[in-house]
Amino acid sequence: MTARTVITGIGVTAPNGLGTETYWKSVLAGHSGIGRVTRFDVSGYPATLAGQIDDFDAAEHLPSRLLPQTDHSTRLGLTAAAWALTDAAVSPGDLADYDMGVVTSNALGGFDFTHREFAKLWGKGPEFVSVYESFAWFYAVNTGQISIRHGMRGPGVALVGEQAGGLDALGYARRGIRRGTPLMLAGGVDSALDPWGYVAQLSDGRVTAETDPARAYLPFDSLASGHVPGEGGAMLVLEDEERARARGAERVHAALTGYSSTFDPAPGSGRPPGLRRAAENALADAGLAPADIDAVFADGAGAPELDAAEADALRAVFGPDGVPVTAPKALTGRLYAGGGPLDVVTAALAIRDGVVPPTPAAGPVPDGYGIDVVRGEPRERRVRHALVLARGRWGFNSAVVVSAAGER
Amino acid sequence: MAQITVDDIRRILVACAGGMEGLGPDADITHLTFEELGYDSLALMESAAQIKQDFGVDVSDDEITEVTTPKELADLVNGLVTRAA
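Going down the list, the protein sequences come from chains A and B. For the first sequence, counting from 1, position 74 maps to 74 in this note's numbering; every step adds exactly one. For the second sequence, counting from 1, position 85 maps to 85 in this note's numbering; every step adds exactly one.
Quick caveat, the hints were computed from the structure, so don't treat them as lab data. Treat each hint with caution, since some may be false.
[Claimed, not checked] In silico BS3-like pairs for lysine-lysine, Cα to Cα no more than 27 Å straight-line:
#1 LYS52/B / LYS120/A
#2 LYS71/B / LYS52/B
#3 LYS52/B / LYS124/A
Bear in mind the structure is a predicted one, so any value in this text is a computation, not a measurement.
Kindly produce the complete structure, drawing on both the sequences and the hints.
Below, the structure is given as structure tokens:
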């Protein structure tokens, strides 16, 4: 019998809500965090929008000692991690330090910090560059800083998989639990909304040039024109269910019952993309049939060819209009490593409250998609099992099944 | 070149590596160790760069990690100031 992995703690930093319940209220109300970039003059740029977290003051949430050495993304990550541990009510002494691990995904690194230090390098000279640049830029830094701050000395892992990597972090955490580490803090948080980081994101070629926030990021919509980048994400406390019960965990939000990742074939191979296989493998891993899934939290790229490809995969797995599909990430922008974990949180809350949150809409869903997109209003529905999908640029596909705490 | 004081060291440490939690601004840190104050070798290297900018003396990475208290660091810097003068 393999250990069952449950979610006992959640920490959310999202453009439309700091903290889990604030975020969830925004999602159900269709409140968007997307707007014009305010951190620098964006008027000369081909894109002008982002999902920004405007109400985050790092000094309110972190000790001053951590501020000189952390990028904005790490400050968000440390805050989400602390909230997740508080939510899980893990007290020092509940678990030995080597019984708690950390796995984060990161796709962008510390752009904002590095941008400022590089300006010093060009403008004043190398001796003016912060010594903390040595690690503040680094993809693994969130795992390291979280591990040090909370004395979590179990497995420490960093995964990079563009927009899919956050789900891989959760899958890896489950593996760590099955290997015997009772508690893993896992997820992802990204941010790069400084002038340099923003340009780097635009180079992707998939960011919309639309300037109206309400029409900018529209997954599965005939007006889809690309996506908007955002910042933030979520951290989750995952535990072996029996060990969580033994330490007196106050609440189990949901269970992580299935996981799979696949890689797309080389362009021009003629073979299909790997998203469908990731979805099917995750269902098989959870021991579920497509009919058991009550909602899909889609990747929702917001670009016509990619949306059509995802619709193809969903039709192939579930049949035409076979399952309610939603992409509430259209309210936050695409959060890179943060997107998958935040969708898993959203799925857990959908299970808790029996409601599938909506996807913002402007035009009709293209006829050929043949999928049942939840649009406009939340749809009340019992949700026992939800499938979360994510795709990362250059071929990453990942899928997670989130199940109600009581479901096998 | 001016002599560096323990108060200068305190100001530089706080600016480079963050505040001294649990210690008020008037606490006497002269003979507390950097370890007790919670400043690691990176914090000291960052402070050495600031000392160079403010006082014009080069404290090498080897030297900065040998001293253990603000007083020892002040003495080291002042010795270097005197030698440079």
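Evaluated hints:
1. Of the pairs offered as hints, the one joining LYS52/B and LYS120/A holds, with about 16 Å between alpha carbons and a cut-off of 27 Å not exceeded.
2. For the hint pairing LYS71/B with LYS52/B, the CA-to-CA distance comes to about 17 Å; that is within 27 Å, so the pair holds.
3. Pair hint LYS52/B plus LYS124/A holds up; C-alpha atoms about 14 Å apart against a cutoff of 27 Å.
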